[in-house]
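*Asks:* The lines below spell out each chain.
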Amino acid sequence: MINHFIPKNLSEALDILSNHDCYIIAGGTDLMVQKHRSSGLLPTFEKDVLYISNLEELNFIRSDDKGVHIGATTKYRDISSSELVPQLFKDVISELASPNIRNMATLAGNIGNASPAGDTLVALYVLDAYLVLQNKESKREILVKDFIKGVRKIDRKPDEMITEIVIPHHDLHYYWKKVGSRAAESISKLSFLGAYITKEGIIKDLRIGFGSVSITVVRNRDIEKQYIGLKIDEFSQQIPEIIRKYDEIINPITDQRSTKDYRKKVAMNLLKDFLTKIK
Amino acid sequence: MLPEYKTSVTKVDNADKMAGKAIFTGDIQMDDLLTAVSVRSTIAKGKVLDIKLPELPKGYYFISAKDIVGENICNIIFDDWPIFVDKQVNYLGETIGLIVGEDKGKCLDLAAQVNITYEEETPVFEMVNSYIYKEFTKGNPELFKGAAEIYSESFATGYQEQAYLETQGMIVYFDNDVITVKASMQCPFYIHKAIMRVTNYPENKVRVIQPAVGGAFGGKEHYPSLMGGQLATALLKIRKPIRMIFDRPEDIAFTTKRHPSRTEISAYLDKHKNIIGLNIHVHIDGGAYKGCSGVVLSRALIACTNAYTFDNLIVNGDAYCTNKVPSAAFRGFGSPQSIFAIELFIHHLANHLGIDPLELRNKYMVKQGDITSTNGIFRDPIVLKELRDKAMKMSDYENKVKLYSRPGSNRGIGMSWFLHGCGFTGGGESDIIKAKLRIKKDKDGVVTFYTSQVDFGQGNRTTLKRIVVDTLGIPEDKVIYDAPDTSLTLSTGPTAASRTIIIVGGLAAKAAQHLKDIWVDGEEQEIIEPYVAPNFIHWDEATMQGDAYPGYAWGVNIVEVSFDPLTYQIKVDGCWSTYDVGHCIDERIVVGQADGGIVQALGYGYLENEVAIDGKFRQRNLSDYIIPTIEDVPELETGFVDNPFPYGAFGAKGAGELTFVGGAPAIALAIEMAIKHKVNKVPANPEYIMELLSHED
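Respectively, the protein sequence lines represent chains A and B. Per this note's numbering: the first sequence = residues 251 to 529. Per this note's numbering: the second sequence = residues 70 to 766.
FYI, nobody ran anything at the bench for these hints, they're computed from the structure. Glycine included, each C-beta is placed from N, C-alpha and C at the ideal position. Any given hint could be a false lead.
[To be verified] Heads up, simulated BS3-like pairs for lysine-lysine below, C-alpha to C-alpha not over 25 Å straight-line:
| hint | chain 1 | residue 1 | chain 2 | residue 2 |
| --- | --- | --- | --- | --- |
| 1 | B | 175 | A | 510 |
| 2 | B | 747 | A | 514 |
| 3 | A | 340 | B | 175 |
| 4 | B | 685 | A | 510 |
| 5 | B | 175 | A | 297 |
| 6 | B | 640 | A | 522 |
| 7 | A | 522 | B | 745 |
| 8 | A | 514 | B | 175 |
| 9 | B | 750 | A | 514 |
[What the hints assert, rightly or not] Some chain B residues well away from chain A (every beta-carbon gap over 12 Å; in silico):
| hint | residue |
| --- | --- |
| 10 | 305 |
| 11 | 423 |
| 12 | 444 |
| 13 | 606 |
| 14 | 608 |
Construct the complete structure from the given sequences, taking the supplied hints into account.
*Replies:* Now the structure itself:
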């Protein structure tokens with residue numbers, strides 16, 4: 251017997267989670283597709299389902315000194331129209347799925363789904379975004395990169411739910427490219443985000459992330475750190491070495507959407523293009 | 070004098086479709102309606118040794134070859150495709166049986182529990198086993214021996230999904246003792262015939278009625294016959310209404326698609342760089358059963374010189390048996406494959422010879438009176454030059470060629486020109502189809518006419534009605550023209566081959582004129598009008614010699630693209646088309662065909678990648694199989710040159726396929742210019758472009 255719960259508020263939702271192992275559905279744009287059986291039939295859920303889209307407590311966008319806080323039931327549509335949300339995020343969302351999906355889907359859902367092709371994940375990794383997980387008793391914070399453990403594997407305990415995502419403020423220059431198969435309604439073949447800060451000719455920060463080229467987003471802080479502090483002309487000489495380092499750690503696969511050779515080559519092209527544009 | 074038909078009317082199906090009132094197969098409500106789901110082979114080739122069924126609850130049935138009353142054959146020209154696998158499996162996903170019952174979920178569960186033991190055989194997926202071979206020559210190929218140079222290239226095209234909005238679906242039920250069918254279809258009489266053979270029911274005990282149909286593109290020409298045979302077999306055993314509708318993944322995985330192809334062309338050149346002639350060999354992948362692959366091959370071969378005249382030709386073609394889903398009808402029917410090849414070949418040859426490609430193309434452009442590839446004659450006036458000039462002007466082609474040919478431009482523009490033979494190939498119309506159109510008038514002067522033409526969205530119900538209304542010169546509400554019902558209509562043939570307006574439209578106009586000629590007020594009158602081919606058409610199928618088509622429609626496509634050298638992605642920036650479809654009866658409907666045709670063709674040219682690995686298609690749904698969205702399509706500009714055709718209705722020729730055949734070569738040529746590298750394959754997707762350019766790194 252599968253239970254379907256529609257809680258009235260967050261506290262009721264957390265009560266339910268303390269007693270039931272549930273799928274949590276906000277917009278449902280991933281889960282309803284994954285659990286789709288056949289036209290005319292109900293989706294097949296093998297455990298209880300908790301519907302949270304009506305939890306207004308979690309529908310918010312606010313900003314404080316820690317960053318921009320986005321609630322778990324806030325729709326992409328509202329995120330992309332908020333003045334508080336950094337432009338980079340709006341760029342990412344504008345290329346995500348289609349308007350009808352963006353009217354339903356949530357950022358928390360994209361993280362919870364933990365797909366290698368999750369469109370927002372690269373930006374969340376690169377911006378060191380973290381999320382708040384809450385259970386009946388307590389809250390904890392965890393970086394998105396630590397929360398995602400693999401393909402559709404996340405560090406959520408059954409009694410917890412994501413209540414908000416925090417995107418720290420930044421003043422990074424960025425270079426974002428989603429490589430999809432067409433102009434809209436496209437699942438990415440790969441994505442790339444490079445970001446940096448330079449001041450008085452010195453690299454003050456460097457961040458690089460790749461999506462859809464591995465089981466999760468590829469971001470390597472150790473590599474990035476080696477080049478922070480360099481003067482730009484010193485840095486330019488290091489570009490072949492940086493490319494070599496990423497070449498070693500990126501091993502994409504061939505699937506129904508693209509080939510490993512294409513993913514690898516384009517990832518490297520974009521990396522090179524980004525690195526040579528740093529000024 | 071031709072009436073002024075440029076003004077367009079509201080399509081007769083608009084209101085219902087926009088209000089959501091149109092009844093498609095999935096919308097039909099019936100008491101006791103059962104669901105059928107397919108049990109499919111999980112191997113590509115082998116013998117079925119044993120079928121173990123789960124325990125079937127009351128009211129659930131397994132239907133298979135053993136239940137067939139008549140013959141286990143779905144005839145699509147040949148008798149090779151079985152309704153259900155008897156012993157031999159020839160492709161992955163071939164239907165072994167149906168599970169039928171009330172609850173679809175339970176049917177799916179039961180189908181998954183059917184346990185089949187096979188003796189596997191080694192399947193063949195490559196084009197090595199030819200099952201149909203055709204050849205013909207023109208002029209004197211002996212002259213090839215004197216060539217100063219031979220230039221050869223090979224071209225390839227991939228699979229393509231029809232990707233109709235509505236997937237395949239069908240309902241069968243008994244209406245008294247008549248097997249009655251409602252389905253998403255193109256050809257009611259094909260299904261009718263298929264069911265008669267499978268059930269041994271006589272003609273008047275099988276009835277096929279067309280509900281609203283959401284797109285077809287050739288994909289519903291043959292496949293519904295197979296479903297009809299399966300469901301009618303189940304109906305005879307269960308005697309309750311049964312419906313089967315495919316989900317998208319099932320439709321993509323197991324229904325017919327466009328033939329992949331490889332075309333080799335050699336040009337024999339004299340020492341002055343004149344083309345003595347061509348040797349062309351077209352290879353198409355027909356899949357597990359021949360079906361209509363022979364006819365597709367014929368069209369590919371006849372169209373292999375496209376809108377050019379070459380005096381000497383050797384033309385060969387093979388269709389190959391592979392252990393994959395059979396390939397079958399799809400808009401263009403073989404000609405897109407060979408027209409892609411020749412359009413690119415001419416350009417590559419010109420570049421090889423150091424001649425401006427446009428100059429070389431102009432030199433061999435077809436003129437009225439020229440001999441066709443099969444030694445017929447292009448009898449009617451040809452306005453291809455006007456179409457070319459108009460399209461070049463609309464697109465600013467010449468300036469853009471100069472600009473984009475420069476190194477590093479990352480932009481390109483490509484032009485194709487092309488023809489499409491309207492109607493069935495050769496003697497098909499007069500020898501095989503033998504269309505007859507019934508028109509009748511009641512005492513009150515209300516006229517009803519009947520065709521077997523299906524309007525799957527393209528607008529023929531509107532235009533055919535208009536032809537009759539305007540010929541009779543009576544108010545529109547005095548003419549009744551409904552969707553086909555085989556119990557009422559005589560067969561006017563399938564809705565295929567761009568034949569509906571040129572052939573059936575012509576027949577409707579003739580029938581209406583005859584009725585008008587004998588019109589007597591207050592009397593019931595009826596006319597049965599048979600199709601008579603123009604008497605100059607002579608075609609020998611065995612030698613493939615003579616006039617292959619009663620008439621030709623012509624077109625020019627120009628496509629402009631830009632190229633991202635970092636991601637190898639192509640963006641379509643502009644698209645201009647000009648067409649001679651004879652005379653446009655309803656310009657908006659023709660523009661609808663033009664817009665849809667070119668977008669489908671652009672998709673074929675640069676996006677739509679469908680790959681089978683070990684007989685299994687990798688692309689499962691429409692998020693993997695990529696068709697263009699509106700965001701991928703630029704403003705489409707379309708122009709016409711009026712060139713009335715004497716044998717069609719009000720001068721009209723075919724428009725459905727014409728608008729597809731030139732898109733892939735046009736975009737491929739644009740891509741070549743943008744990436745500064747020869748293209749020999751479609752789809753020219755980013756992965757292929759990367760491969761091409763990686764040799765230059």
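*Asks:* When the hints from earlier in the document are held up against this structure, which numbers fail?
*Replies:* Hints 1, 3, 8 not satisfied by this model.
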